[in-house]
Amino acid sequence: MTTEFSNVRQRPWYLHPHLNSQALYVFAALVILVAAISVVSSAFLTTGNLLNISKNFAYIGIASLGVTLVIITAGIDLSVGSVMALTAIVTSLLFRATAEWPTAAVPGLTLAICVTAGLALAAFVGTVNGLLIARLGLSPFVTTLGTLSICRGLGYVITEGRGVIVTGPDVSIFYAITDGTLLGIPTPLLFLLALAVWMGVFLHQTAWGRYVFAIGGNERAASLTGVPVERVKVSIYVASSLMAGFAGILMAGWLGSVPANLAFGYELRIIAAAVIGGANLSGGAGGPAGAVIGAALIEVIRNGLVLSRVSAYWQDTLVGLIIILAVLVDRLRERRAS
Amino acid sequence: MSLLELHGICKSFGAIQALTDVSLEVEPGEVVGLMGDNGAGKSTLVKIVAGNFPPTSGTSAVDGRPVEFHRPVDARSIGIEVVYQELALADNLTAAANVFLGRELRRRFGPFGFLDHRAMNRRASALFAELKSETRAGDLVRQMSGGQRQAVAIARTRLAQARLILMDEPTAAISVRQVAEVLDLIRRLRDSGIAIILISHRMPDVFAVADRVVVLRRGRKVADKPVASSSPEEVTGLITGALEAA
Ligand SMILES: Nc1ncnc2c1ncn2[C@@H]1O[C@H](COP(=O)(O)OP(=O)(O)OP(=O)(O)O)[C@@H](O)[C@H]1O
Ligand SMILES: [Mg+2]
Chain A
1 MTTEFSNVRQ
11 RPWYLHPHLN
21 SQALYVFAAL
31 VILVAAISVV
41 SSAFLTTGNL
51 LNISKNFAYI
61 GIASLGVTLV
71 IITAGIDLSV
81 GSVMALTAIV
91 TSLLFRATAE
101 WPTAAVPGLT
111 LAICVTAGLA
121 LAAFVGTVNG
131 LLIARLGLSP
141 FVTTLGTLSI
151 CRGLGYVITE
161 GRGVIVTGPD
171 VSIFYAITDG
181 TLLGIPTPLL
191 FLLALAVWMG
201 VFLHQTAWGR
211 YVFAIGGNER
221 AASLTGVPVE
231 RVKVSIYVAS
241 SLMAGFAGIL
251 MAGWLGSVPA
261 NLAFGYELRI
271 IAAAVIGGAN
281 LSGGAGGPAG
291 AVIGAALIEV
301 IRNGLVLSRV
311 SAYWQDTLVG
321 LIIILAVLVD
331 RLRERRAS
Chain X
1 MSLLELHGIC
11 KSFGAIQALT
21 DVSLEVEPGE
31 VVGLMGDNGA
41 GKSTLVKIVA
51 GNFPPTSGTS
61 AVDGRPVEFH
71 RPVDARSIGI
81 EVVYQELALA
91 DNLTAAANVF
101 LGRELRRRFG
111 PFGFLDHRAM
121 NRRASALFAE
131 LKSETRAGDL
141 VRQMSGGQRQ
151 AVAIARTRLA
161 QARLILMDEP
171 TAAISVRQVA
181 EVLDLIRRLR
191 DSGIAIILIS
201 HRMPDVFAVA
211 DRVVVLRRGR
221 KVADKPVASS
231 SPEEVTGLIT
241 GALEAA
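Chains as they are written, first to last, in this note's numbering: chain A, 1 to 338; chain X, 1 to 246.
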């Protein structure tokens with residue numbers, strides 16, 4: 001029996017998934033923007049300014065990686081900003097609380113204990129999110145809106161609304177790791193890049209990563225074929241909280257103190273970065289490159305506005321415009337591809 | 001000894017009684033046509049045998065040994081494969097990724113297992129060739145025709161050495177020529193000793209390949225007889241309830 005399918009066609013090279021990807025389009029936009037701003041302001045392309053930018057967007061970028069994982073499964077995590085704050089607060093408070101412990105005698109041990117405890121708290125929040133969403137079937141939006149408020153509220157309760165100064169036996173190591181440089185590159189940026197690479201390998205080279213995409217594409221199909229949907233989803237919310245918590249700890253190192261309102265409202269920028277980079281809120285699409293590029297784009301806009309002596313208050317308006325533009329481009333791209 | 005033996009299977013979803021006291025035996029190399037109106041409980045029976053959910057009551061046995069499936073892998077591991085009615089494909093993944101979903105081929109690097117993309121693509125391509133489908137392993141399912149999707153869903157059952165394949169409306173929504181190919185495949189599978197439960201609303205398909213026809217009506221088995229001693233008219237009557245039982 002011979003077969004002929006007239007609807008099977010070769011796609012033109014420019015529609016190849018690698019070239020016709022949202023991340024690449026946004027990267028092109030980023031390059032154009034960088035070129036435009038550097039014409040307007042000579043201060044933009046200086047090493048100092050670029051390092052400054054890269055550090056600033058690293059925090060958003062790291063949290064955005066985690067949120068991207070959640071968005072790929074067709075979920076959403078609104079609690080990331082609050083988790084950043086709560087983790088940073090608890091970690092810094094532990095620094096002070098453990099200063100008198102005998103563990104302080106061993107360099108780095110206090111740091112390890114405090115950071116581990118802070119991240120464990122973040123993982124706990126993620127587990128709660130994940131179980132409520134995956135096992136009880138609550139809406140991701142409402143659940144994480146709840147934990148957003150709970151974590152932010154707890155942060156205020158613990159600190160009584162005051163800031164926490166980062167001090168303790170290992171504080172110099174802490175600053176070296178969170179706010180130092182390696183080969184001239186700020187450590188937060190290195191962490192971002194390392195995590196992005198890890199996430200790329202995880203998503204595309206492991207079965208678990210493939211399940212993340214399968215759940216976002218068709219959750220019923222995934223569960224029928226035996227994908228452990230519940231466990232994958234819980235793990236994804238834990239990863240999101242962990243990345244947010246880690247970004248919060250890095251911010252604590254950058255600021256030297258943790259205000260109770262640290263990262264207030266960041267969830268919007270974090271989600272915006274993921275979406276601009278091509279994470280599709282209806283699930284099934286997204287990746288680390290998009291999250292990193294999206295976060296960079298937002299920061300370049302903010303920095304560009306400052307350098308061009310335009311009020312930085314325009315940032316939110318512009319970011320909003322870019323979100324809508326990105327979704328439009330995404331839609332057009334999809335239409336052309338199918 | 002029967003390959004599959006279901007005894008007194010009941011399944012309720014809250015107030016809905018989807019299956020009531022269904023018993024069924026399937027022999028190796030036998031094609032059983034399972035028919036019934038919409039909502040008669042056919043897909044529910046498939047999902048119980050596939051391990052998607054347990055029955056409310058009743059027992060199953062394979063090769064005479066009692067079995068209990070909690071997950072689809074349990075059923076798969078003893079050679080039961082399924083083509084789901086909804087095909088159960090993830091649109092955003094490639095054909096090969098869908099074929100191997102839930103049982104990816106991996107290469108080990110110490111404690112880590114990485115996807116073996118090349119092996120999976122090669123194997124999927126071979127399966128599509130065997131099914132005489134022009135489906136390409138690397139294409140996204142989103143861009144595929146109904147027949148190609150069907151091919152992907154069927155290819156999945158050919159990964160492991162299956163002993164029983166459940167096909168829930170494998171010929172819905174495909175062209176006449178593609179239907180002929182699926183029926184052809186069913187015959188080839190039967191000839192190699194694989195048992196098949198074929199669910200279809202299309203009377204000609206069932207009468208073309210099935211040895212036995214089983215009719216469900218509102219969750220109860222109302223007929224179970226050789227195709228040779230039945231007729232499309234009788235089966236139609238059984239499905240609609242014009243005939244009480246046969
Ligand atoms: N997961 C579920 N939850 C609740 N009710 C269900 C579920 N699955 C099936 N049912 C109900 O069980 C009954 C049998 O459904 P089933 O899908 O088995 O029918 P079917 O014979 O496959 O029908 P069709 O020919 O339309 O595919 C229906 O009343 C259906 O609404
Ligand atoms: Mg059905």
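It should be emphasised that the hints constitute simulated quantities derived from the structure, not laboratory data.
Among the hints, a few may not be true.
To be verified - Which stretches of chain X does chain A cover? Using the computed rule of at least three CB atoms under 8 Å from a CB of chain A, they are:
1) 87-99
2) 102-108
3) 118-131
4) 230-240
The structure presented is a predicted model; accordingly, all values stated were derived computationally and were not measured.
Glycine is no exception: its CB is placed at the ideal position from the N, C-alpha and C atoms.
*Of the hints given before, which are not true for this structure?*
3 and 4
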